[in-house]
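Using the sequences plus the hints, can you model the full thing?
Residue 34 in numbering that gives the first Met the number 0 is what sits at position 35 of the sequence shown, and the numbering runs on without skipping anything.
Just so you know, these hints were derived from the structure itself, not from any lab. Quick caveat, the model's predicted, so the values are computed rather than measured. Positions of the beta carbon are idealized from the N, C-alpha and C atoms, including for glycine.
If you anchor each label on the Cβ, the simulated ranges turn out as follows:
hint: 1; residue 1: His215; residue 2: Cys287; range: 22 to 30 angstroms
hint: 2; residue 1: Arg114; residue 2: His204; range: 52 to 60 angstroms
hint: 3; residue 1: Asp223; residue 2: Gln303; range: 16 to 24 angstroms
hint: 4; residue 1: Ser9; residue 2: Tyr206; range: 32 to 40 angstroms
hint: 5; residue 1: Val31; residue 2: His215; range: 39 to 47 angstroms
hint: 6; residue 1: Val35; residue 2: Ser249; range: 40 to 48 angstroms
hint: 7; residue 1: Gln135; residue 2: Ala27; range: 16 to 24 angstroms
hint: 8; residue 1: Glu284; residue 2: Leu170; range: 26 to 34 angstroms
hint: 9; residue 1: Pro329; residue 2: Phe113; range: 52 to 60 angstroms
hint: 10; residue 1: Val31; residue 2: Pro207; range: 46 to 54 angstroms
hint: 11; residue 1: Gly26; residue 2: Lys338; range: 49 to 57 angstroms
hint: 12; residue 1: Ile16; residue 2: Pro207; range: 34 to 42 angstroms
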Amino acid sequence: MLWNLSLQSSVMGLQMILEQQFSRLHGAVEKVREEVREVLNGELKQVACQADGIQAHLHLKICQLKRTLVLGEKFSNSKNDVDFMQEYCEWLKDPVDTDLPEVYISLPDRLSPFRQTILDTTQELCEQLLATYRHQLTHLCQREGLGFNTAIQSSDLSAQEPEPVTHSDFLRYATSLTFNINSAHQFLRLTDGNTRVTNTTPWQHCYPEHPERFEHWRQVLACDSLFLGRHYFEVELSGEGAYVGLTYKSIKRKSADHSGCITGNTFSWSLGRRSRGLSCWHAGEEICLQGEPLSQVGVYVDYQAGVVAFYDAAGSMIQLHKYSARFLEPLYPAFWLSKKDDVICLPSLVEN
Numbered sequence: 000m001l002w003n004l005s006l007q008s009s010v011m012g013l014q015m016i017l018e019q020q021f022s023r024l025h026g027a028v029e030k031v032r033e034e035v036r037e038v039l040n041g042e043l044k045q046v047a048c049q050a051d052g053i054q055a056h057l058h059l060k061i062c063q064l065k066r067t068l069v070l071g072e073k074f075s076n077s078k079n080d081v082d083f084m085q086e087y088c089e090w091l092k093d094p095v096d097t098d099l100p101e102v103y104i105s106l107p108d109r110l111s112p113f114r115q116t117i118l119d120t121t122q123e124l125c126e127q128l129l130a131t132y133r134h135q136l137t138h139l140c141q142r143e144g145l146g147f148n149t150a151i152q153s154s155d156l157s158a159q160e161p162e163p164v165t166h167s168d169f170l171r172y173a174t175s176l177t178f179n180i181n182s183a184h185q186f187l188r189l190t191d192g193n194t195r196v197t198n199t200t201p202w203q204h205c206y207p208e209h210p211e212r213f214e215h216w217r218q219v220l221a222c223d224s225l226f227l228g229r230h231y232f233e234v235e236l237s238g239e240g241a242y243v244g245l246t247y248k249s250i251k252r253k254s255a256d257h258s259g260c261i262t263g264n265t266f267s268w269s270l271g272r273r274s275r276g277l278s279c280w281h282a283g284e285e286i287c288l289q290g291e292p293l294s295q296v297g298v299y300v301d302y303q304a305g306v307v308a309f310y311d312a313a314g315s316m317i318q319l320h321k322y323s324a325r326f327l328e329p330l331y332p333a334f335w336l337s338k339k340d341d342v343i344c345l346p347s348l349v350e351n
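Structure representation (structure tokens):
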């Protein structure tokens, strides 16, 4: 498709700029390294010259001490006191210098300031580089309303229809869903044509390895995504710890941190059962809902309007909670069965 080729071309152009600029940074680092190396080599040459001078000085001292040792032996063997005193007085006129230059003691300390300066400067520059890029990119995303994902803009549709109110209104946007077995955690069992999922912990199922499979969180996605327009589906939740929500396909599958759970990241919106009732989650923030736990929940999406809403599908379609957002990717129905024996079913709402 033409739009896909245009998107790929834009991304490749940005990647080329990225490589060019980071090559420029790499070149600047190499230049600084050579300059620092030249300074260090100059210092090392100076230190080497000082070391050579000290070595020559010590060699001279050794020769002088050897001569003194010879004279000392000669003095000790002298039997004539007069000769001894004369030779001793002559020797005192040219005393041996036994002092050593201070630089000999300070040589190891000459390189210490260079080492510390290199370490401190490198640490400061790395922190400043990371902080600058992160600050500028975050500011850009906040100002433009963009993320690292691609923002998708749709053309204007027909006149906005009224918001659905009754159960029949919502069924106009009903979507038939099934669980995606390639994304199911090893502890989740799919039955009834992949419309029923059960947490069978600790019993694992022999699913083949797949890049889309969740490895830590007991989660599974639906096969189909929801994109452009209005959508509605229902779920039957059973057990304390059964969650239904929507997320992006880019959600982490192998990570154990909370960004891989539909309750813990900024691009997931969910509702779940707990012992005291229901609660909604987004970006790690919980909103406790009043009332008893429900078993049948309706989920409504208006993609262009940026709406995700949860309803009591077993009653008079009372809205439980509503989220407003700007979606950057197609939304995938997502399900988390956090406890053993939790069950989630996808009833068919579309007439055959």
